[in-house]
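Undergrad: We have chain A; now place chain B onto it with these hints.
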Amino acid sequence: MKLLICPMNGPRNIDEFQSFGPVRAEPDPDRTADADWSRHLFRAENRRGIVVEWWRHVPSNYFFLAERDLVTNEVIRTFDPSERRDQS
Amino acid sequence: MPLRLLKYGLSRDYPVSGDIPATPDLKPSYDVVIVGGGGHGLSCAHHLAKYHGISSVAVIEKGYLAGGNTARNTTTIRSNYITPEGIAFYKEGVELFETLSQELDFNVMFSQRGQLTLAHTEATLRSFHARAEMGKHLGTRTEVVDQKAVEELVPTLNMDYGGSLEILGGLWHADGGTARHDAVAWGYAAQASRRGVEIHQRTEVEGFEVVGDRVQAVKTNRGRIACGQVLIATGGMNYDVALMAGVELPIRCYPLQAMVTQPLKPWLHTLVSSVSLHTYLVQSSRGEVVIGGGSDPYQLYSTRSTLDMKEHLAGGAVHLFPFLQGVRLLRQWAGITDMTPDYSPIMGASPLANLWLDCGWGTWGFKATPVAGKRMAETIAKGCMPDILKPFALERFETFQLLNEMGATAASH
Chain A
1 MKLLICPMNG PRNIDEFQSF GPVRAEPDPD RTADADWSRH LFRAENRRGI
51 VVEWWRHVPS NYFFLAERDL VTNEVIRTFD PSERRDQS
Chain B
1 MPLRLLKYGL SRDYPVSGDI PATPDLKPSY DVVIVGGGGH GLSCAHHLAK
51 YHGISSVAVI EKGYLAGGNT ARNTTTIRSN YITPEGIAFY KEGVELFETL
101 SQELDFNVMF SQRGQLTLAH TEATLRSFHA RAEMGKHLGT RTEVVDQKAV
151 EELVPTLNMD YGGSLEILGG LWHADGGTAR HDAVAWGYAA QASRRGVEIH
201 QRTEVEGFEV VGDRVQAVKT NRGRIACGQV LIATGGMNYD VALMAGVELP
251 IRCYPLQAMV TQPLKPWLHT LVSSVSLHTY LVQSSRGEVV IGGGSDPYQL
301 YSTRSTLDMK EHLAGGAVHL FPFLQGVRLL RQWAGITDMT PDYSPIMGAS
351 PLANLWLDCG WGTWGFKATP VAGKRMAETI AKGCMPDILK PFALERFETF
401 QLLNEMGATA ASH
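As you go down the protein sequences, you meet chains A and B in turn. Everything in the first sequence is counted per the numbering used here, starting at 1 for the first residue and increasing by one. Everything in the second sequence is counted per the numbering used here, starting at 1 for the first residue and increasing by one.
Hint data in this document are derived by calculation from the structure and do not stem from the laboratory. Worth double-checking, as some hints may not be accurate.
Now the stretches of chain A that chain B is said to cover, found in silico as 3 or more residues with beta-carbon under 8 Å [stated by the list, open to error]:
(1) 2–10
(2) 29–38
(3) 46–59
(4) 70–76
Positions of the beta carbon are idealized from the N, C-alpha and C atoms, including for glycine.
In isolation and in its complexed conformation, chain A is listed as follows (with noise of 0.2 Å):
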């Protein structure tokens, strides 16, 4: 079985994850337009290359960020949200 390395509880079989797809930019509700909604709620990141994805270990409920490659499945890092506010 597939591994995926959890920044909280290290390598864990597949199965005890579940995926939330690739990140979207956070939508300003009061500033948005139905279209902006549309596209943020129904188009997903789908292209062929690397993506950056939510993801959940189930058993322990906690969200992490996951690169991942969408040709070869290969998971590139998978890292706590902190970082990612780090680094925006």
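TA: Then chain B, alone, in the frame of chain A:
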């Protein structure tokens, strides 16, 4: 040599021509360019040529004929959906299958043996009642059946009385069935070719020349083709192909895995699915048990198989039919499904005036091969969408009028 045989050899009909001609040279332009030589694209080509008199049509296919999701699906044909719009559309699809062998002069081996979907919980049973009532209202044969009826329909089923997966009842869909997927594509290809449609295999789209709101030409690895109208019907490649024309579809790609066992004597006479086990089985006319449909739980463009998904499918199959425990698997595979947010397809207009979409077919496309081709051909020929297609337009995502079929598609049906 007997002279009687020689007579046939000298006849004008000899040698017998192939059903599907070899790929010809590309012409500089066509009235309609269909991107994707799978079932849907070929069906559209057939309907354009036969019913709308449009035979200046090129079907261009990156690989070989019907080698993508047309070859990889598990051939289920049914109309027991949830929304009235969905049921009406798929019902027409089932009806076209009923006469398809005659229409194509080609045996597609349509077998209308019925589909039984199992409920292991009261909640599932309640959702079945809603589906059955909507199905009956729209004239399909869909009904909720009790435990006794389930046992009569499939006597070999493990009912698991008193167990955690006790079968409480089922959704019996007498209109459901299967057909030979390759034959459907070949039949359409042969009919379309006979009426002048050109099928270009090993011809890959590399881009579109867009001027204003129109596609002027399709750029391929074998040259440029000017086009009147363009249809995108490329299954798992829909997102990528539409993006080349600047159209971003609300699609995410997931692999869907399936497998077949060694051939067994005929024992399973209906299609059987389990909502809770996310497993369905059908015995093919060769006797192989086709077991599906495991969608990978995250986006991916790889058609590899995984042990965990095969274990899951095998676990479900052996639970329902314990005597399958010693049976060997013959083949396993995966296809890339282009999943939409509401589990309904995207058909009709795109933001470009002469670019049409037959996309978002996810895990549910094979059953719609005849009807999608018929209705997309009508759309292209008339330049506007018939009423039956309007609910499936891309713009539903802008107006928030989604058609939620999640509870009736993929592994959940």
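Undergrad: Evaluate each hint against the coordinates.
TA: Against the structure, the hints come out as follows:
1. Remark: the segment 2–10 of chain A is not confirmed as covered by chain B, as 1 of its residues place a Cβ nearer than 8 Å to a Cβ of that chain, below the required three.
2. Figure legend: the segment 29–38 of chain A, annotated as covered by chain B; annotation consistent (3 residues with Cβ-Cβ distances under 8 Å, at least 3 required).
3. Here the segment 46–59 of chain A counts 5 residues with a CB under 8 Å from a CB of chain B, which clears the bar of 3, and the coverage holds.
4. Closer than 8 Å: that is the beta-carbon criterion, and the segment 70–76 of chain A has 4 residues meeting it against chain B, so the requirement of 3 holds.
Violated hint: 1 only; the structure is consistent with all others.
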